[in-house]
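From just these sequences and the hints, can you work out the full model?
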Amino acid sequence: MPKMKTHSGAKKRFKVTGTGKLVSQQAGKAHLNEHKSRKRKRRLTGDRALSAVDTPKSRKLLGI
1 MPKMKTHSGA
11 KKRFKVTGTG
21 KLVSQQAGKA
31 HLNEHKSRKR
41 KRRLTGDRAL
51 SAVDTPKSRK
61 LLGI
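Residues 1 to 64, numbered by the numbering used here, are exactly what the sequence shown covers, in order.
Be a bit skeptical, because a hint or two may be false.
[Claimed, not checked] Taking lysine-lysine and the DSSO-like style, the derived pairs with C-alpha atoms no more than 30 Å apart in a straight line are: (1) Lys60 x Lys39; (2) Lys39 x Lys15; (3) Lys36 x Lys15; (4) Lys39 x Lys29.
[To be verified] Pairwise CB distance ranges (calculated): (5) Met1 x Ala27: 19 to 27 Å; (6) Ser37 x Ile64: 13 to 21 Å; (7) Thr19 x Lys57: 15 to 23 Å; (8) Arg40 x Ile64: 29 to 37 Å; (9) Glu34 x Met4: 38 to 46 Å; (10) Arg38 x Lys60: 35 to 43 Å; (11) Gly9 x Val53: 17 to 25 Å; (12) Gly18 x Arg42: 25 to 33 Å; (13) Val53 x Lys15: 12 to 20 Å; (14) Pro2 x Asn33: 38 to 46 Å; (15) Val23 x Pro2: 27 to 35 Å; (16) Arg40 x His7: 27 to 35 Å; (17) Ile64 x Ala27: 31 to 39 Å; (18) Thr6 x Ala27: 19 to 27 Å.
Quick caveat, the hints were computed from the structure, so don't treat them as lab data. Treat the numbers as computed from the prediction; the structure is a model and nothing was measured. The beta carbon of each residue, even a glycine, is placed where N, CA and C say it ideally should be.
Below, the structure is given as structure tokens:
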């Protein structure tokens, strides 16, 4: 059988930490930010760990 290819969209969105967890950018800060409060935009800064429900599917897409 040939090797499974890594999903191009997934490799751009997810990063694997040293302990093996998956992290991604938080949603809701890419555009339409003018009306959002500073507090809300600050809170959306940085990465977040993927939920336990989404992790298996994402791992499969990444080929891990």
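We went through each hint and held it up to the structure:
no.	hint	verdict
1	Lys60 x Lys39	violated (35 Å)
2	Lys39 x Lys15	holds (26 Å)
3	Lys36 x Lys15	holds (27 Å)
4	Lys39 x Lys29	holds (12 Å)
5	Met1 x Ala27: 19 to 27 Å	violated (35 Å)
6	Ser37 x Ile64: 13 to 21 Å	violated (37 Å)
7	Thr19 x Lys57: 15 to 23 Å	holds (19 Å)
8	Arg40 x Ile64: 29 to 37 Å	holds (33 Å)
9	Glu34 x Met4: 38 to 46 Å	holds (42 Å)
10	Arg38 x Lys60: 35 to 43 Å	holds (38 Å)
11	Gly9 x Val53: 17 to 25 Å	holds (19 Å)
12	Gly18 x Arg42: 25 to 33 Å	holds (26 Å)
13	Val53 x Lys15: 12 to 20 Å	holds (19 Å)
14	Pro2 x Asn33: 38 to 46 Å	holds (43 Å)
15	Val23 x Pro2: 27 to 35 Å	holds (29 Å)
16	Arg40 x His7: 27 to 35 Å	holds (31 Å)
17	Ile64 x Ala27: 31 to 39 Å	violated (22 Å)
18	Thr6 x Ala27: 19 to 27 Å	holds (22 Å)
Consistency with the previously given hints fails for numbers 1, 5, 6, 17, ordered from lowest to highest.
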